[in-house]
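Following the hints, complete the assembly by docking chain B onto the known chain A.
Taken in sequence, the protein lines are chains A and B.
By my numbering, the letter at position 64 of the first sequence is numbered 64, and the numbering carries on one by one without gaps.
By my numbering, the letter at position 227 of the second sequence is numbered 1227, and the numbering carries on one by one without gaps.
There's no promise every hint is true.
[Said to hold, decoys possible] BS3-like, lysine-lysine: derived pairs with alpha carbons at most 30 Å apart:
id, chain 1, residue 1, chain 2, residue 2
1, A, Lys126, B, Lys1049
2, B, Lys1178, B, Lys1126
3, A, Lys49, B, Lys1049
4, A, Lys8, A, Lys126
5, B, Lys1126, B, Lys1008
6, A, Lys49, B, Lys1126
7, A, Lys178, A, Lys196
8, B, Lys1126, B, Lys1196
9, B, Lys1196, B, Lys1178
Just so you know, the hints here were simulated from the structure itself, not pulled from any lab data.
On a predicted model such as this, the values are computed, not experimentally measured, just so you know.
Protein chains: 2
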Amino acid sequence: MAAQMDGKPIGVFDSGIGGLTVVRALRRALPAEPLVYLGDTARLPYGNKSPETVRRYSRTNVSFLLGREVKLVLIACNTASALALPELAGELPVPVLGAVEPGARAAARATRSRRIGVIGTLGTVKSEAYVRAIQAIGDFEVVQHACPLLVPLAEEGWTDDPLTVAIAERYLTELCAKQRDLDTLVLGCTHYPILKPALAQAAAKVFGRPLTLVDSADAMAAEAAAVLAQRGALASGAGGLACFVTDHARITDLAPRFLGEDPGPVAVVDL
Amino acid sequence: MAAQMDGKPIGVFDSGIGGLTVVRALRRALPAEPLVYLGDTARLPYGNKSPETVRRYSRTNVSFLLGREVKLVLIACNTASALALPELAGELPVPVLGAVEPGARAAARATRSRRIGVIGTLGTVKSEAYVRAIQAIGDFEVVQHACPLLVPLAEEGWTDDPLTVAIAERYLTELCAKQRDLDTLVLGCTHYPILKPALAQAAAKVFGRPLTLVDSADAMAAEAAAVLAQRGALASGAGGLACFVTDHARITDLAPRFLGEDPGPVAVVDL
Chain A
1 MAAQMDGKPI
11 GVFDSGIGGL
21 TVVRALRRAL
31 PAEPLVYLGD
41 TARLPYGNKS
51 PETVRRYSRT
61 NVSFLLGREV
71 KLVLIACNTA
81 SALALPELAG
91 ELPVPVLGAV
101 EPGARAAARA
111 TRSRRIGVIG
121 TLGTVKSEAY
131 VRAIQAIGDF
141 EVVQHACPLL
151 VPLAEEGWTD
161 DPLTVAIAER
171 YLTELCAKQR
181 DLDTLVLGCT
191 HYPILKPALA
201 QAAAKVFGRP
211 LTLVDSADAM
221 AAEAAAVLAQ
231 RGALASGAGG
241 LACFVTDHAR
251 ITDLAPRFLG
261 EDPGPVAVVD
271 L
Chain B
1001 MAAQMDGKPI
1011 GVFDSGIGGL
1021 TVVRALRRAL
1031 PAEPLVYLGD
1041 TARLPYGNKS
1051 PETVRRYSRT
1061 NVSFLLGREV
1071 KLVLIACNTA
1081 SALALPELAG
1091 ELPVPVLGAV
1101 EPGARAAARA
1111 TRSRRIGVIG
1121 TLGTVKSEAY
1131 VRAIQAIGDF
1141 EVVQHACPLL
1151 VPLAEEGWTD
1161 DPLTVAIAER
1171 YLTELCAKQR
1181 DLDTLVLGCT
1191 HYPILKPALA
1201 QAAAKVFGRP
1211 LTLVDSADAM
1221 AAEAAAVLAQ
1231 RGALASGAGG
1241 LACFVTDHAR
1251 ITDLAPRFLG
1261 EDPGPVAVVD
1271 L
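Chain A extracted, bound-state conformation (with noise of 0.2 Å):
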């Protein structure tokens, strides 16, 4: 056990709902842990808004996390991580996380044949965050297929489901026409890790063979806890959540179905 610990919570806060799939990896890896999330329901999406203005949010969103006495911050949202992650992390008195570079350095770790897929919604896609990110590390091909039925059909808890496995096979179809020998695929999108199963069932269908799935909400999971633990920030307590959006709408019925289990109650707060 560390010499040092530290029982502030994580800050956790994403444009939506999705981001409950990064809380619900943190519980499983880090179940001492208390958390804060905030989803900021009454703004979303970030992905057709100004970097400007995707900025003034995402600084509202650190600030909340900031007043709840976080430790750590992870953005759970692609679109303020490529936009306001360099400047939050020169200015916040504590570490950040973004949601694209865990998810890129656990595919390169992963990947033998250096040929890594990407999916993700059109936003995601076309910033090509992920493939910046990825070729920072090394040598790899990248190839990305963006996928918009995902995210309703993971909303509408549609997760095991084969019609879902229909639409996934349709979709890494065209990824594969794009490179068949890949052998990881990188889930860029918060929504994806509860349709993991139907995902994996499909890739290896359409690739002949499983693919490695690259979860990122596991990833950030994973690099919060290396993160803490160098820190000597681990928590020993019981754990615990504490949620908060900042507009009530459908919370009641996506919640549970990306956190994976009862949210408590969530609070609305007006930013």
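Structure of chain B alone, referenced to chain A:
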């Protein structure tokens, strides 16, 4: 031929590109009319924004159209219709038609069983705009079901597709469980007209008989024709279309899909 003619354009706005199905219906019903379309693609979606913001955006959209000297405004967006139409109708120097009432009136005329189904986005279903509009006409039973996957399916262009039919069957099965004697189905979203064949096929299978599908875009075009005829304000020229958006993302892909033809050059405007 009417004694008076009016060569000024009809103006249509939507938060995105779905409203191009209304333009397509107008071009079929009124081929002599010049049309101006504005898709506020930079600020979509409207569904999760405050009423004040939606009213402000709607006003700037209408100001843009009035600057193009339109003789009639069509609001091809359910949210903007519900929140801004009552105010705008009292303020503008030209008539305004919303997205909900024409479809509601067409459904009330079409039904024999007086039992009407409505499908739409989560926002539209939650607003109960169609329920209120139909029940304001007379004594009808209205059942609704939200179909969040239909918009991304339409945007993917998977229109004549067994997966789309299968997803529509699942949604309509849930609608049928609410009321199996309905005979009329309102397509309560501007994206849905391009899925009409798939929806008709799914409805016939689920209900065991064909339903009358009320296409809101066709209903809006029919009412526009009636309003202009009544005012002696129909055009007699060669028609034409000028398309504007506030952000160019995906326009090249999506516009022909919803319009059913090439839109010509689409100009980006900053409102």
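To see whether the hints hold, each was checked on the structure:
At most 30 Å may separate the alpha-carbon atoms for a hinted pair to count; Lys126 (chain A) and Lys1049 (chain B) meet this at roughly 25 Å. Distance restraint check for Lys1178 (chain B) and Lys1126 (chain B): the Cα-Cα separation of roughly 16 Å lies within the 30 Å cut-off, and the hinted pair is therefore satisfied. For the hint pairing Lys49 (chain A) with Lys1049 (chain B), the CA-to-CA distance comes to about 13 Å; that is within 30 Å, so the pair holds. The suggested pairing of Lys8 (chain A) with Lys126 (chain A) is violated, with an alpha-carbon distance near 37 Å, which exceeds 30 Å.
Restraint check for Lys1126 (chain B) and Lys1008 (chain B): not satisfied, since their Cα atoms lie roughly 37 Å apart, outside the 30 Å limit. Proximity of Lys49 (chain A) to Lys1126 (chain B) is assessed by CA-CA distance (about 25 Å); at most 30 Å being required, the pair is judged to hold. Among the hinted pairs, Lys178 (chain A) with Lys196 (chain A) is consistent with the structure: their alpha-carbon atoms are about 22 Å apart, no more than 30 Å. Between Lys1126 (chain B) and Lys1196 (chain B) the CA atoms are separated by roughly 22 Å; this keeps the pair inside 30 Å, and the hint holds.
Restraint check for Lys1196 (chain B) and Lys1178 (chain B): satisfied, since their Cα atoms lie roughly 22 Å apart, inside the 30 Å limit.
Checked against the numbered hints above, the structure violates hints 4 and 5; every other hint is satisfied.
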